[in-house]
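Engineer: Assemble the complex: chain F is given as a structure, and chain D must be docked to it using the hints.
Each protein sequence line maps, in turn, to chains F and D. Here the first sequence is numbered in the working numbering, starting from 1 and rising by one per residue. Here the second sequence is numbered in the working numbering, starting from 1 and rising by one per residue.
One should not assume that every hint holds.
[To be verified] Listed below are the simulated SDA-like cross-link pairs for lysine to any residue, each with C-alpha atoms no more than 20 Å apart in a straight line:
| # | chain 1 | residue 1 | chain 2 | residue 2 |
| --- | --- | --- | --- | --- |
| 1 | F | Lys34 | D | Pro130 |
| 2 | D | Lys195 | F | Pro178 |
| 3 | D | Lys190 | F | Gln203 |
| 4 | F | Lys57 | D | Pro130 |
No lab work stands behind these hints: they were computed from the structure. Bear in mind the structure is a predicted one, so any value in this text is a computation, not a measurement.
Protein chains: 2
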Amino acid sequence: MTADHVADQLNATIERTKSIACVGLDPRPALLPKSLIDAAIAAHGDTAIAVADAFLKFNIGLLDAIAGHCAAVKPQSACYEAYGHAGVKALEDTARYARKLGVPVIMDAKRGDIGSTAEHYQQAFLGQAPGLKGTTLPGLNCEWLTINGYLGSDGVLPFLNKTPGHGGVFVLVKTSNPSSGDLQDIALAKNVRGKSATEDANQAMELMAQLVHHWGQQRTGKSGLTDVGAVVGATYPAQAKRLRTLMPNTIFLVPGYGAQGGSAADALAGIRSDGRGVIVNSSRGIIAAWQKNTDRDWSGAARAALDAMNTDLASA
Amino acid sequence: MTADHVADQLNATIERTKSIACVGLDPRPALLPKSLIDAAIAAHGDTAIAVADAFLKFNIGLLDAIAGHCAAVKPQSACYEAYGHAGVKALEDTARYARKLGVPVIMDAKRGDIGSTAEHYQQAFLGQAPGLKGTTLPGLNCEWLTINGYLGSDGVLPFLNKTPGHGGVFVLVKTSNPSSGDLQDIALAKNVRGKSATEDANQAMELMAQLVHHWGQQRTGKSGLTDVGAVVGATYPAQAKRLRTLMPNTIFLVPGYGAQGGSAADALAGIRSDGRGVIVNSSRGIIAAWQKNTDRDWSGAARAALDAMNTDLASA
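Excised from the complex, chain F in its bound form (with noise of 0.2 Å):
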């Protein structure tokens, strides 16, 4: 991470690639070329090493692809967990390239606890975790992590840095899948406001909006954005209008564009009249796209995905 405020860092990434696109680093065997596997295969034979390590290297070839392309790139943690420690190792040299590479790293954990235990993920993925003699051991040090909110403040503030803006946040708000109105868009009572919010909140997206507004503030970067962001799905544009209102400041982290049926208009629904404010996610779209013709230039596929996905986005 560099000294920039992160809100700032991931503007001027945006300014220098002339891309608000994120890329989806989630790897998973039914989307390695056939190459990849037969090598981890000879390597490690079928073994989560083998699985860990063609990840690695499908990661590293398409950030070699796309980096100067994009604005972010996002790793689902899960997709490495489910190998174990061989997965998390790969996840942390995949985080660790792509810092090599000068781009910005949004770990998608979507964690969530309190005090503590909180502080604890904050070390593992956006800070320093204490040694056996008091001293400090370096952690992910990506530049954002998303988070859940469900558990209020004491949930969210210690993922905060002391010095704002030294790794940033991204809080589930209003998330793109069909089912996410199950408790997001409930009706609330009247009278029921977010902390610091000067009206009511209609729903419960809109109180966590109004929490992720208040957490921001005094938070904001040079250009006028916090290191407190929101998870906004593509596939409720209306939703990403009103929920633009309550958090002005706030940068939204877009999923839902492409494969989930968000289009590019959808997702730039919540953009700021400066045209600030959204980035929006890809991952299948763009990893996979080699699976459209051929495995033999996987990485070439990847930056065609995405130069199209930049056009697309430019256009609406």
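Structural biologist: Then chain D, alone, in the frame of chain F:
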């Protein structure tokens, strides 16, 4: 995991050990006896591997002392993740050692995601992941996993095994922390209710409770309890009583006893009339009990603290 329904297995363990206590295996450098710290530094220097090594030896000593005298253990994943893949390896070895001793493992990871991503978390903690050749690779095979239901049904159902009872979950309903009410206590409009519920939910946590009850229907074991449990903090006993009426067949995992201020009576507020359906967690109160005396017999101190907790709970 045995072939038994996890709720029946937990119930049988409670009957055999005469304990409803769950011991939180939440190691931190500051909680480790000096002898373990010195040995780990001598072997591995001031590194993450040294921390992981000391954590594992601490847990093995604790497990040897408490096995047969508690209902379950609950490792807090964050404590291990703070030390990267080395920490995760210690977590894996801890879970395997607990299984060897016949102690049910509740993995406290509070995961929450949707669809295939949630399936990867299920594979990591409760199931098996696909290898490169389409074979399956063993996961951690814990009995239970804590999860966060903010994403709705799409974020819960993928965690449930097709065969009810083959791995269970505890969904966060009312957490023990002071700010849990930020979202969980919000008042709902009239006529809001969870799936298949017969009465209105007054607060978000009640809606979540109705959903938990719904998700667990048709998934009960011989004990009459389901594999969809709920986290209900000891610090909110009045709410626990109310939540029990909404979740009659649900096991409550109760944090907040002891250090966080919940008494034995508070912790048991949600118990069923047949005396079933509650397990009570204590972490620091057990594993750091040695700090009140000396570290000469830290495992003995843990066992004595567990015995005292069992007596306290039995008298309440």
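Engineer: Hint by hint, note whether the structure agrees.
Structural biologist: These are the hints, each one checked on the structure:
1. F:Lys34 with D:Pro130: Status holds; Cα separation ~15 Å.
2. D:Lys195 with F:Pro178: holds (15 Å)
3. D:Lys190 with F:Gln203: holds (13 Å)
4. F:Lys57 with D:Pro130: holds (18 Å)
When held up to the earlier numbered hints, the structure conflicts with none and fits them all.
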